[in-house]
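If you want the building blocks of each chain, they are given just below.
There are 2 protein chains.
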Amino acid sequence: MTTTAPTERTRVRRLPDRGAYDRDTILGILDAGYVCHVGVVDGGHAVVIPTAYARVGDAIVLHGSSKSRLMTLLGAGGEACVTVTHTDGFVMARSAFHHSINYRSVVVFGRGEAIEAEAEKAAALEAFMERLHPGRWREVRPPSAQELKATGVVRIPIAEASAKVRRGGPLDDPEDMGLDVWAGVVPLVVARATPIRDGSGPM
Amino acid sequence: MTTTAPTERTRVRRLPDRGAYDRDTILGILDAGYVCHVGVVDGGHAVVIPTAYARVGDAIVLHGSSKSRLMTLLGAGGEACVTVTHTDGFVMARSAFHHSINYRSVVVFGRGEAIEAEAEKAAALEAFMERLHPGRWREVRPPSAQELKATGVVRIPIAEASAKVRRGGPLDDPEDMGLDVWAGVVPLVVARATPIRDGSGPM
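Read top to bottom, the protein sequences are chains A and B. Under numbering that gives the first Met the number 0, the first residue of the first sequence carries the number 0, and numbering increases by one thereafter. Under numbering that gives the first Met the number 0, the first residue of the second sequence carries the number 0, and numbering increases by one thereafter.
Everything labelled a hint here was simulated from the structure, so no lab data went into it. Take the hints with a grain of salt, since some may be wrong.
The following label-pair restraints were derived from C-beta to C-beta distances [as the list claims (entries may be wrong)]:
# : chain 1 : residue 1 : chain 2 : residue 2 : range
1 : A       : TYR33     : B       : PRO173    : 41 to 51 Å
2 : B       : GLY134    : A       : ARG191    : 29 to 39 Å
3 : B       : HIS44     : A       : TYR33     : 47 to 57 Å
4 : A       : GLY167    : B       : GLY177    : 49 to 59 Å
5 : A       : LYS148    : B       : LEU170    : 18 to 28 Å
6 : A       : ALA4      : B       : ALA75     : 27 to 37 Å
7 : A       : ALA192    : B       : GLY42     : 40 to 50 Å
8 : B       : GLU112    : A       : ALA190    : 34 to 44 Å
9 : A       : GLY42     : B       : ARG196    : 18 to 28 Å
List of simulated lysine to any residue pairs, SDA-like, C-alpha gap at most 25 Å [claimed, not checked]:
#  : chain 1 : residue 1 : chain 2 : residue 2
10 : A       : LYS66     : B       : ALA190
11 : A       : LYS120    : A       : PRO156
12 : B       : LYS120    : A       : PRO156
13 : B       : LYS66     : A       : PRO169
14 : A       : LYS66     : B       : ASP57
For every residue, glycine included, the Cβ atom is placed at its ideal position computed from N, Cα and C.
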């Protein structure tokens, strides 16, 4: 993947100055997340399913029960729209109209490709584990042949993708700047809280 | 909305014990979030767009530029799948296979209904603002007639919906319980950081 020229469906049409198509921006946003929303057309209807993902090379990798609807559909080459969003803050303006949300999002369109080879499957699952906790893969019991068989893994190439980012403070109208209203940004942060050991109580 | 019987597309098929269809569970998950992922079929392809939402009565309310693709499509009665997901923690098991993520998610299928009346539009926008900060609506400059016109607002009834929840610790195989591996949950929390006043520096 190099910088991808926007296609008709990845070109950011509303507020085009928020759009970005360069590899660094897109991969940076993908690498900061854990859960994506996968959209597929199923029976003529859009279905949006949240699922864990990892970015491996120039692809998004998804996994699930090999019998699940998503793995079946994508493993057979079905098309998906994968969206990753980070909500970074509330933008509090002096007028109701200019309130907004700071965010970073990426949309990827692509067809699924089943990963079948055991070694490649294991490598993809390792990528998932390393996102949760670096070094984890070498600490835990590795998957058995049966477990690998029960796990469906698909890749979606990051070839047709775009990012959209809003950052910074409110953009108020000049005539509102004198209003006696608190204006600014309330940042939202995702943090890892203290780990709870299994067996130590309710969690 | 009362308890909704699962339909063919809302019935949770994988791990059905994680599914829930009761009003309290569904509304509780919706009321805990700010950004949803809206899936629509556009030109035969699934498109998943992140956007702010509010739950007002028994509907999800979305807004955007009245000229945007999403507002145009949903305002004309187009069908959407709206998904809200909270990622609550990483589940660290003793085996690679049993690693998981704790989450709460809701999927709603429905057709958009444009909200056109000025008073109803303003009430919907108030609901958005009150989610960001209670009491905010009365503090800021209210929307002008022109701003209201530029804002598209649609509701999607919460009539066909399901929730899916995973909570608690790892579910390891009995033969792995003796392994010398840290197992438990790493909770993820979304927190509001210290607000940054507009004009006080970079944000």
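Hints versus structure:
Checked against the hint of 41 to 51 Å, the pair A/TYR33 and B/PRO173 fails, with Cβ atoms roughly 29 Å apart. For the hinted restraint 29 to 39 Å between B/GLY134 and A/ARG191, the CB-CB distance of approximately 32 Å keeps it satisfied. Separated by about 25 Å at the C-beta atoms, B/HIS44 and A/TYR33 break the suggested range of 47 to 57 Å. The given range of 49 to 59 Å is respected by A/GLY167 and B/GLY177, whose C-beta atoms sit roughly 53 Å from each other.
Evaluation of the 18 to 28 Å hint for A/LYS148 and B/LEU170 yields a pass: the beta carbon distance comes to about 19 Å. Between A/ALA4 and B/ALA75, the C-beta spacing of about 30 Å keeps the proposed range 27 to 37 Å intact. One distance hint, 40 to 50 Å for the beta-carbon pair A/ALA192 and B/GLY42, holds here, with the actual separation near 43 Å. For the hinted restraint 34 to 44 Å between B/GLU112 and A/ALA190, the CB-CB distance of approximately 38 Å keeps it satisfied.
Range check, A/GLY42 to B/ARG196: about 50 Å between beta-carbon atoms, so the 18 to 28 Å window is missed. Annotation: proposed proximity of A/LYS66 to B/ALA190 is violated, straight-line Cα distance about 36 Å (limit 25 Å). Restraint check for A/LYS120 and A/PRO156: satisfied, since their Cα atoms lie roughly 16 Å apart, inside the 25 Å limit. A threshold of 25 Å between alpha carbons decides the hint, and for B/LYS120 with A/PRO156 the separation of about 41 Å lies outside it, so the pair is violated.
For the hint pairing B/LYS66 with A/PRO169, the CA-to-CA distance comes to about 22 Å; that is within 25 Å, so the pair holds. The hinted pair formed by A/LYS66 and B/ASP57 fails the criterion: a straight-line CA distance of about 34 Å is larger than 25 Å.
Checked against the numbered hints given earlier, the structure breaks hints 1, 3, 9, 10, 12 and 14 and satisfies all the rest.
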